[in-house]
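Use the sequences and the hints to build the structure in full.
Those protein sequences? They're chains E and Z, same order as listed. The first sequence begins at 408 in the numbering used here and counts up one residue at a time. The second sequence begins at 408 in the numbering used here and counts up one residue at a time.
Since the hints were made in silico from the structure, they are not lab data. The reader is advised that the hints may include incorrect statements.
One copy or any two copies: either way a pair holds, since identical chains are not told apart in the list.
As the list claims (entries may be wrong) - Quick list of in silico lysine-lysine cross-link-like pairs, DSSO-like style, CA-CA up to 30 Å:
{"hint": "1", "residue 1": "Lys-755", "residue 2": "Lys-427"}
{"hint": "2", "residue 1": "Lys-427", "residue 2": "Lys-490"}
{"hint": "3", "residue 1": "Lys-427", "residue 2": "Lys-709"}
{"hint": "4", "residue 1": "Lys-541", "residue 2": "Lys-427"}
{"hint": "5", "residue 1": "Lys-755", "residue 2": "Lys-709"}
{"hint": "6", "residue 1": "Lys-541", "residue 2": "Lys-563"}
{"hint": "7", "residue 1": "Lys-563", "residue 2": "Lys-755"}
{"hint": "8", "residue 1": "Lys-755", "residue 2": "Lys-541"}
Quick caveat: nothing in here was measured; it's all calculated off a predicted structure.
There are 2 protein chains.
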Amino acid sequence: MSFEPVAGFRFGAVSAGIRKDGRIDVALAVADQPAVVAGMFTRNLVRAAPVDIAMQRVRSGRARAVVANSGCANACTGEAGWKATLDTTRAVAESIGASEDEVLPASTGVIGAVLPAHRIIERVPELSARLSPKGYLDFAQAICTTDRWPKLAQRKLGAGATLLGIGKGAGMIHPDVGPPHATMLVFLFTDAVLDAGEASEALAASCDVTFNACSVDGDTSTNDTVLLLSSGASQRRASRDELSAGLTEVCGELARSMVADGEGSTHVAEIRVRGLATRDGARAVARTVATSMLVKTALFGKDANWGRLLAAAGRAGVPFDPRETQILVGGIPIVRNGAPVGAEAELKANEVLARDTYVIELVLGSGPGDFAYLTSDLGHGYVDVNAGYRS
Amino acid sequence: MSFEPVAGFRFGAVSAGIRKDGRIDVALAVADQPAVVAGMFTRNLVRAAPVDIAMQRVRSGRARAVVANSGCANACTGEAGWKATLDTTRAVAESIGASEDEVLPASTGVIGAVLPAHRIIERVPELSARLSPKGYLDFAQAICTTDRWPKLAQRKLGAGATLLGIGKGAGMIHPDVGPPHATMLVFLFTDAVLDAGEASEALAASCDVTFNACSVDGDTSTNDTVLLLSSGASQRRASRDELSAGLTEVCGELARSMVADGEGSTHVAEIRVRGLATRDGARAVARTVATSMLVKTALFGKDANWGRLLAAAGRAGVPFDPRETQILVGGIPIVRNGAPVGAEAELKANEVLARDTYVIELVLGSGPGDFAYLTSDLGHGYVDVNAGYRS
Numbered sequence: 408m409s410f411e412p413v414a415g416f417r418f419g420a421v422s423a424g425i426r427k428d429g430r431i432d433v434a435l436a437v438a439d440q441p442a443v444v445a446g447m448f449t450r451n452l453v454r455a456a457p458v459d460i461a462m463q464r465v466r467s468g469r470a471r472a473v474v475a476n477s478g479c480a481n482a483c484t485g486e487a488g489w490k491a492t493l494d495t496t497r498a499v500a501e502s503i504g505a506s507e508d509e510v511l512p513a514s515t516g517v518i519g520a521v522l523p524a525h526r527i528i529e530r531v532p533e534l535s536a537r538l539s540p541k542g543y544l545d546f547a548q549a550i551c552t553t554d555r556w557p558k559l560a561q562r563k564l565g566a567g568a569t570l571l572g573i574g575k576g577a578g579m580i581h582p583d584v585g586p587p588h589a590t591m592l593v594f595l596f597t598d599a600v601l602d603a604g605e606a607s608e609a610l611a612a613s614c615d616v617t618f619n620a621c622s623v624d625g626d627t628s629t630n631d632t633v634l635l636l637s638s639g640a641s642q643r644r645a646s647r648d649e650l651s652a653g654l655t656e657v658c659g660e661l662a663r664s665m666v667a668d669g670e671g672s673t674h675v676a677e678i679r680v681r682g683l684a685t686r687d688g689a690r691a692v693a694r695t696v697a698t699s700m701l702v703k704t705a706l707f708g709k710d711a712n713w714g715r716l717l718a719a720a721g722r723a724g725v726p727f728d729p730r731e732t733q734i735l736v737g738g739i740p741i742v743r744n745g746a747p748v749g750a751e752a753e754l755k756a757n758e759v760l761a762r763d764t765y766v767i768e769l770v771l772g773s774g775p776g777d778f779a780y781l782t783s784d785l786g787h788g789y790v791d792v793n794a795g796y797r798s
Numbered sequence: 408m409s410f411e412p413v414a415g416f417r418f419g420a421v422s423a424g425i426r427k428d429g430r431i432d433v434a435l436a437v438a439d440q441p442a443v444v445a446g447m448f449t450r451n452l453v454r455a456a457p458v459d460i461a462m463q464r465v466r467s468g469r470a471r472a473v474v475a476n477s478g479c480a481n482a483c484t485g486e487a488g489w490k491a492t493l494d495t496t497r498a499v500a501e502s503i504g505a506s507e508d509e510v511l512p513a514s515t516g517v518i519g520a521v522l523p524a525h526r527i528i529e530r531v532p533e534l535s536a537r538l539s540p541k542g543y544l545d546f547a548q549a550i551c552t553t554d555r556w557p558k559l560a561q562r563k564l565g566a567g568a569t570l571l572g573i574g575k576g577a578g579m580i581h582p583d584v585g586p587p588h589a590t591m592l593v594f595l596f597t598d599a600v601l602d603a604g605e606a607s608e609a610l611a612a613s614c615d616v617t618f619n620a621c622s623v624d625g626d627t628s629t630n631d632t633v634l635l636l637s638s639g640a641s642q643r644r645a646s647r648d649e650l651s652a653g654l655t656e657v658c659g660e661l662a663r664s665m666v667a668d669g670e671g672s673t674h675v676a677e678i679r680v681r682g683l684a685t686r687d688g689a690r691a692v693a694r695t696v697a698t699s700m701l702v703k704t705a706l707f708g709k710d711a712n713w714g715r716l717l718a719a720a721g722r723a724g725v726p727f728d729p730r731e732t733q734i735l736v737g738g739i740p741i742v743r744n745g746a747p748v749g750a751e752a753e754l755k756a757n758e759v760l761a762r763d764t765y766v767i768e769l770v771l772g773s774g775p776g777d778f779a780y781l782t783s784d785l786g787h788g789y790v791d792v793n794a795g796y797r798s
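Encoded structure:
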């Protein structure tokens, strides 16, 4: 992985002792000049203080900084939590010479503990001193929780401008982010010239087919946040198509990395549903299959258990004729006209399922509605991580 | 467990070699005279042949027999599967002197294999010869698949009449049965005098708060079936209240037994949601919490992780004010006004979570809408059973 700076942005991270293990846990990104900003936030009714505050602040369409921490979600923490986030962003604002409203907070970690703001505030001078155009790797590391690796992706937006995405997320991953309502955290930085309206629109469309189309465990977080900041420092205006393609590629790569890093995950399966009457129908079926515990354990077992695939599809509430269904695993047909092709095909399919990543296609008719969803398998690792996460 | 015969019904079971382990796998229940029947079937679009056939036949409101097998679901088996079920019920009908339409089939086991009807047909004479009023224990044993124990429950319907329920189910348990549309299999036998209309109505209402309010893995089966047969042989007419209370108690006991026997399950949690505007809203929240993988792994870990409970409630799509929520575990408040009560309360709650069964209450407001849902925990046992089920 090799990444390049994004003109107009600097990044840094420190350890403030929020995580018990002493690793870096507070990340700061600063735009040299006020940046254009767009945000997508969790649609969960139960939202953390930093989510509520960031939601309010992105409405202005302008921001100078993002301050994000791991180790504490600052969710379900009432007024004390609210004050802790405000105190943190105020300290950052003073340090970089911005107004408080221009600093966007994000938190991830345990729910129910109040963010220890004073630990962050003490380290803000050091954090500001560490800011550098190449600090994005530290930023990405500092926001990790149960992640096994930091997540970055980059694309050119035409000639002369670039888009860098930084994400985290391995559990409680089934994002459902909307405008304005995302413990997936994703920060996208570009030096292309954008206006706030097109940034919002393009971000929403990209999230819809990437983060909102992937699942580790079907649980939507209280803290999911996606922010896009544009410095405009390249002085190059990206076309609508360039922006849309770039965002979807970067978000898609980050989404795939999150699922690959899904808690206990050993495989990434792309569930492609085709042939339904509508795209929304295809999405509903793909989501139901991708979040089925029986499907996910079968994937862990490397078993082409098409009966579970069909049964999950059949309970999604979307009409199709089971007698007209085809199922392909890595391109190998294992179900044709609703009935099994045979043992030989299934053995070949099981070989596909031993790979790190593969595609499962459910062709449920001849309509135009299709949708693809990324999911991980459900194995002992998931249970180990989540039965003991708080202790 | 001690059970009594139900006047007018005889039961039997044999091994027909459908299961690989040689255990008894075909069960037959016969009414001496045509019985009043009501049925509830899976709402999954992908339905097994025996489900489609039984759905057609219960419409007459009359039946003489139920023939059920384990080891093979006969689902996704096309015309060959359809013929196999028809051949089986025809052989049973001839053996007991009934018409074909009076024999109701049900199957459970692996999806995608055609029922080996000839093996059952060969054993029908022996099966008929074994019928006895006390054969219900054999019947219950023969329909088990991954079940660790057979499931029976019995209640009096007033003085002089009785209701016996026999069920099976440990995986793919998240029934969603409707009239007429259940691999939960449940057979209810009563000697009370019922008419078909009241039987259907009372059965639907009871399923709604029992089988349709319990989940092991969130997956609805292709074969879920609930049948109620009344011989009327007690010559006693049960009152509407007696019938309703008896059915709900028997179905509730069977549902709890299924969840307790849920694949890999070590605890049964009753998720009670209270204080919402509507019962449907409470049901949606209870279902979302009960099927959350993060909640279920926390229960396996005996961890009063109320943040996961609240986060799951918050994504159910039902409005409530997170700041007004209370959460109690075994009666111990751990969240008050949306914020944690404290570490001491959580330690006490963790002690509750070490019990085999307990109640978790989410009080989400002061409205009249409440609903209770049974769920199991998600641990290594579930993964072991389901990553290797077909092999």
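Hint by hint, here is what the structure shows:
{"no.": "1", "hint": "Lys-755 / Lys-427", "verdict": "between (46 Å within a copy, 24 Å between copies)"}
{"no.": "2", "hint": "Lys-427 / Lys-490", "verdict": "within (22 Å within a copy, 64 Å between copies)"}
{"no.": "3", "hint": "Lys-427 / Lys-709", "verdict": "between (36 Å within a copy, 22 Å between copies)"}
{"no.": "4", "hint": "Lys-541 / Lys-427", "verdict": "within (27 Å within a copy, 62 Å between copies)"}
{"no.": "5", "hint": "Lys-755 / Lys-709", "verdict": "within (11 Å within a copy, 41 Å between copies)"}
{"no.": "6", "hint": "Lys-541 / Lys-563", "verdict": "within (17 Å within a copy, 76 Å between copies)"}
{"no.": "7", "hint": "Lys-563 / Lys-755", "verdict": "neither (39 Å within a copy, 55 Å between copies)"}
{"no.": "8", "hint": "Lys-755 / Lys-541", "verdict": "neither (46 Å within a copy, 48 Å between copies)"}
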